[in-house]
Amino acid sequence: MERVPVAETGNDAPVAALRLHVRLTTDPLDPEEVRRRVADTTVGASVVMVGTTRAVSDGVETVALDYEAHGALAERVLSAIVAAAAADHGLVGAAVEHRLGRVPVGVASIVVATAAAHRRQAFAAAEWIVDEVKRRVPIWKCDEAPDGTRTWIHPGTLHAAPEQGGRG
Amino acid sequence: MDRSIQPAEPLAAAAATEDVPPGTVVVELFAGMAELVGCRRVSLAWGGGDVAALRGALARACPAAAPLLERSAVAIGDRYAAEDQTVDVGHVVAVIPPVSGG
Numbered sequence: 001m002e003r004v005p006v007a008e009t010g011n012d013a014p015v016a017a018l019r020l021h022v023r024l025t026t027d028p029l030d031p032e033e034v035r036r037r038v039a040d041t042t043v044g045a046s047v048v049m050v051g052t053t054r055a056v057s058d059g060v061e062t063v064a065l066d067y068e069a070h071g072a073l074a075e076r077v078l079s080a081i082v083a084a085a086a087a088d089h090g091l092v093g094a095a096v097e098h099r100l101g102r103v104p105v106g107v108a109s110i111v112v113a114t115a116a117a118h119r120r121q122a123f124a125a126a127e128w129i130v131d132e133v134k135r136r137v138p139i140w141k142c143d144e145a146p147d148g149t150r151t152w153i154h155p156g157t158l159h160a161a162p163e164q165g166g167r168g
Numbered sequence: 169m170d171r172s173i174q175p176a177e178p179l180a181a182a183a184a185t186e187d188v189p190p191g192t193v194v195v196e197l198f199a200g201m202a203e204l205v206g207c208r209r210v211s212l213a214w215g216g217g218d219v220a221a222l223r224g225a226l227a228r229a230c231p232a233a234a235p236l237l238e239r240s241a242v243a244i245g246d247r248y249a250a251e252d253q254t255v256d257v258g259h260v261v262a263v264i265p266p267v268s269g270g
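Which chain is which? The protein sequence lines are A and B, in order. Quick note: the first sequence uses this note's numbering, first residue 1, plus one each step. Quick note: the second sequence uses this note's numbering, first residue 169, plus one each step.
One or more of the hints may lead you astray.
[As the list claims (entries may be wrong)] Under 8 Å between C-beta atoms, here's a sample of chain A residues computed to sit facing chain B:
| id | residue |
| --- | --- |
| 1 | His70 |
| 2 | Val130 |
| 3 | Val133 |
| 4 | Val137 |
| 5 | Pro138 |
| 6 | Lys141 |
| 7 | Trp152 |
| 8 | Pro155 |
| 9 | Leu158 |
| 10 | His159 |
| 11 | Ala161 |
None of these hints come from the bench; they were simulated from the model. Owing to the predicted nature of the structure, the values given are computational and were not obtained by experimental measurement. Just so it is clear, CB atoms sit at the ideal spot from N, CA and C, and this is done for glycine as well.
Chain B with its partners taken away, still in its complex shape:
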């Protein structure tokens, strides 16, 4: 497993807790996305915006993950989110790369 790729500066490994630091969103990562970024949860400084904006911020923070991020869906809590859905500070967001269950 390639762990050499580290999160870029705006990303910080989030504590394994439901507590979300002020002014941030926590982004959960799975499977190949977690492998690319090098951790399963990151906190991202967040001034507000929609899912598309968050996607852009993640891509800038971790360019190595950008190609897979483009092919991924985003969930807020336990629901898939539309690109224009607002992401609020304190939300827990998940990046859902293409699935392969079954």
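Chain A with its partners taken away, still in its complex shape:
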């Protein structure tokens, strides 16, 4: 979803359209570039959350995570999530970029950016977006151990109702 141009109101007073953006990519992520996609001159606070591959998870060493996704479904659910976050928290903009493929330790796998007039909305929305991505976006990580062992991570049970592609 690309940035939407400025819209006009019925009173001819210009209002900034929501700046929403999602992307799945095998390229390295650039947090500042993602932040610029959501912020404009009306913004008083931008929050950028960068998720990176940890060296140790639950006591087990990792050298890299390998991500894959159901691309079309993931992009549609991500778009619904950022739109819902923007509406519920009064944001100026919201964005998610998620890396696919092999992501070594210390490298970013996800960037979430939110922008609002005030910081509280931006912080709250960023946390909600990350939670929703982890809960219902069809992206999976495969843990790669130092000895080359690969393990797909499938926590819990996915109860994705059909309407969850939309708001919520």
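Given chain A, work out where chain B should sit, using these hints.
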């Protein structure tokens, strides 16, 4: 990666094309589910039914995948599907195991 588990008889590896053979549905598999079945797309002979019926047919065809299948959602096209949603011949269905993005 364990590739020793092969699809059972009713499953056949589907060609990497959007063409769906007559009388079948194509099922896309991801992550640990693809690893269990041993391929990323399978075609399944299909006489009609809903998502729950398709789930049962998949479990019978590939018992090794049944436990993860029980914990998975199903999508038709780019939308999550309800258990009572009809799956038509020609549909492309995806099994969505529990997610772990972020």
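Each hint, compared with the structure:
Look at histidine 70(A): its Cβ gets to within about 6 Å of chain B, closer than 8 Å, so that hint holds up. At its closest, the beta carbon of valine 130(A) sits 6 Å from a beta carbon of chain B; the interface hint therefore holds under the 8 Å criterion. A cut of 8 Å between beta carbons decides the hint on valine 133(A): the least distance to chain B is about 5 Å, and the hint holds. Hint on valine 137(A) holds. Least Cβ distance to chain B is approximately 5 Å, under the 8 Å limit.
Annotation: proline 138(A) was flagged as interfacial toward chain B, and the flag holds, the nearest CB pair being 5 Å apart, inside 8 Å. Of the supplied interface hints, the one on lysine 141(A) holds, with its beta-carbon coming within about 5 Å of a beta-carbon of chain B, less than 8 Å. At its closest, the beta carbon of tryptophan 152(A) sits 3 Å from a beta carbon of chain B; the interface hint therefore holds under the 8 Å criterion. Of the supplied interface hints, the one on proline 155(A) holds, with its beta-carbon coming within about 6 Å of a beta-carbon of chain B, less than 8 Å.
With a least beta-carbon distance of about 4 Å to chain B, the hint placing leucine 158(A) at the interface is held under the 8 Å criterion. Because the beta carbon of histidine 159(A) sits about 7 Å from the nearest beta carbon in chain B, less than 8 Å, this interface hint is met. Because the closest C-beta pair between alanine 161(A) and chain B is about 7 Å apart, less than 8 Å, the hint holds.
When held up to the earlier numbered hints, the structure conflicts with none and fits them all.
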